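Assemble the complex: chain V is given as a structure, and chain G must be docked to it using the hints.
There are 2 protein chains.
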Amino acid sequence: MNTATALASPNIALIKYWGNTDNLLRLPASPSISFNLAELHTRTTVTWESDLAADYILINGQEATGDSRDRVAHHLDHVRKIARHAGFARVESSNNFPAGTGIASSASAFAALSLAATAALKLQLTERELSILARLGSGSASRSIPGGFVAWYTGAHHQDSYAETFAPPEHWALVDLVAVVSREHKKTGSTPGHAIAVTSPLQAARVATAQERFDRCKQAILNRDFRALASVVEQDNHVMHSVMMTGTPALLYWEPETLHIMSLIRELRQDNGIDVCYTIDAGPNVHCICTAEAAGTVEAALDTLPGVLEIFRATPGGPAQLVAS
Amino acid sequence: MNTATALASPNIALIKYWGNTDNLLRLPASPSISFNLAELHTRTTVTWESDLAADYILINGQEATGDSRDRVAHHLDHVRKIARHAGFARVESSNNFPAGTGIASSASAFAALSLAATAALKLQLTERELSILARLGSGSASRSIPGGFVAWYTGAHHQDSYAETFAPPEHWALVDLVAVVSREHKKTGSTPGHAIAVTSPLQAARVATAQERFDRCKQAILNRDFRALASVVEQDNHVMHSVMMTGTPALLYWEPETLHIMSLIRELRQDNGIDVCYTIDAGPNVHCICTAEAAGTVEAALDTLPGVLEIFRATPGGPAQLVAS
Chain V
629 MNTATALASP NIALIKYWGN TDNLLRLPAS PSISFNLAEL HTRTTVTWES
679 DLAADYILIN GQEATGDSRD RVAHHLDHVR KIARHAGFAR VESSNNFPAG
729 TGIASSASAF AALSLAATAA LKLQLTEREL SILARLGSGS ASRSIPGGFV
779 AWYTGAHHQD SYAETFAPPE HWALVDLVAV VSREHKKTGS TPGHAIAVTS
829 PLQAARVATA QERFDRCKQA ILNRDFRALA SVVEQDNHVM HSVMMTGTPA
879 LLYWEPETLH IMSLIRELRQ DNGIDVCYTI DAGPNVHCIC TAEAAGTVEA
929 ALDTLPGVLE IFRATPGGPA QLVAS
Chain G
629 MNTATALASP NIALIKYWGN TDNLLRLPAS PSISFNLAEL HTRTTVTWES
679 DLAADYILIN GQEATGDSRD RVAHHLDHVR KIARHAGFAR VESSNNFPAG
729 TGIASSASAF AALSLAATAA LKLQLTEREL SILARLGSGS ASRSIPGGFV
779 AWYTGAHHQD SYAETFAPPE HWALVDLVAV VSREHKKTGS TPGHAIAVTS
829 PLQAARVATA QERFDRCKQA ILNRDFRALA SVVEQDNHVM HSVMMTGTPA
879 LLYWEPETLH IMSLIRELRQ DNGIDVCYTI DAGPNVHCIC TAEAAGTVEA
929 ALDTLPGVLE IFRATPGGPA QLVAS
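From first to last, the protein sequence lines are chains V and G. For the first sequence, the working numbering gives the first residue as 629, with consecutive numbering after it. For the second sequence, the working numbering gives the first residue as 629, with consecutive numbering after it.
Excised from the complex, chain V in its bound form (with noise of 0.2 Å):
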């Protein structure tokens, strides 16, 4: 059988991807570190079919139309360039945690979606080829490919564009307390919002100073000392939602209660001495990035706010892996 099932978590980005310098192949114009959320995975299961007359995608139950469709066949036309497969496959992907809730679950789809699709034809992709073969369908889903603590190198050519591991998992039991606000759907997507990210007159000073923040927040974490991580990762995504509100058009993804939590977890830090801060991706919803020591005195405060509608918990997991369907 031409079967094949994997299992991928999406991962949380403390140094951010925003913005490439080819939008086709997703080429980011900054490297990037994160990790993968152990508890949250995508499973996907692709099936190369001799009957089918087009790809079958059915996504957490309900089969894909339009876009959505169209771009998880578009990528399986990726593996099929790889492998000079000509067939069609059928594919069920379903997540463990809901949609909007500001996890987003393009990363975690489109590395299992690489590693299903590609181990149910037999070929035999290297960590870095699944990473790369990942960042076509969705930039982040590179970073999903590898387990632990992950950077995502800029490369300046489709083949060195790829996510590895510099620490495992276990290196530094860090927590992320996802405190969502709201569970609308994002206004802008990440594909366009990547795009905008050119016409901001800030986005080349991001672009330049990236490296360096990149640089400390990867040491931070070699060296595990909070504070200098904490200020690399709210300064990096400062730094992010900068360029995302000074495009044309504007792009204002915080909320009211965004900054409420935000202000809560600095104050947790600067007056309490908690190990925390805050990371926010394309959408209202704030990762409190925390130590597992300080978790439950974090996860206590943000309960305290009326805004946080729910909270979810994820430690740094491992990488993409095939499992029994």
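Treat the hints as calculated values from the structure; they're not laboratory data. Worth double-checking, as some hints may not be accurate.
Copies of the same chain are indistinguishable here, so a pair counts whether it falls within one copy or spans any two.
Once the Cα atoms are required to be at most 16 Å apart in a straight line, the calculated EDC-like pairs of lysine to aspartate or glutamate come out as [claimed, not checked]:
1. Lys815 - Asp899
2. Lys709 - Glu757
3. Lys750 - Glu927
4. Lys815 - Glu895
Predicted model, so just to flag it, every value in this text is computed and none were measured.
Just chain G now, with coordinates in the frame of chain V:
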């Protein structure tokens, strides 16, 4: 009698001032554009008295002490130097607008002080000389000397950094509706804030691109083109807050209610075609800039937000001027 009384208005910047090339001389890193708020003013009487052993300063009926006394006395030193005058002055200053409303009083205060202190000594300073003098007390005070729509040039030296009118107040019937959401004193004042600007990885890019926004804003005002004005005013404001939040320490002036208002204003403009945009100084309160025709609608919409404590309404005003004591 060596006495004179001057009135000067605070101003609202449409293209922002943030960061200096010389903190002592308050030479700005970038050019800015503003208009005075006609309905608001500081009234300052300066009397040079031969029997005083030190400057005596009353602000809103209270004797000034500490830093705020020193800042005024230091400014009088500049006047003494210009006048080759060795005496001390009694200064009585009061604002017709409350403190802590997001309307900085330092601009109107140092503009009125500069005019009254020099006039009381019968010095005949030109408007340009007064703008330069006022700048030494508070950068934005340079813009409260001329009337109407005002441009403040960076200048390479002390003598060529001044503000001047490029359109009279009646050129365009704009309204500034100041939505007050907090009456707390701002966390980091403008003087230390300007000094922090240089630590942001984005300030150089802000400065490098400021002239383009300045030109676009000036042209939008000359053309009375509100859509063009709105786009550049909000972008320039986001660029300034980007620098604020990415410096060390990070300065986050927005509060949850600030974001509520920003969102409301964009909705009014983008979805309802109302001529309104926002700009925010170093604090959480929001200046809603609109046409006279739109002001009623905007004020009514702001009134529906429970977090708006008060709304001030102001229109483009004239220059700082002498009045009977």
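For each hint, the structure was consulted:
1. Lys815 - Asp899: between (34 Å within a copy, 15 Å between copies)
2. Lys709 - Glu757: within (14 Å within a copy, 73 Å between copies)
3. Lys750 - Glu927: neither (44 Å within a copy, 66 Å between copies)
4. Lys815 - Glu895: Intra 29 Å, inter 13 Å, cutoff 16 Å: inter-copy only.
Hint check: a violation occurs at hint 3 only; the rest are consistent with the structure.
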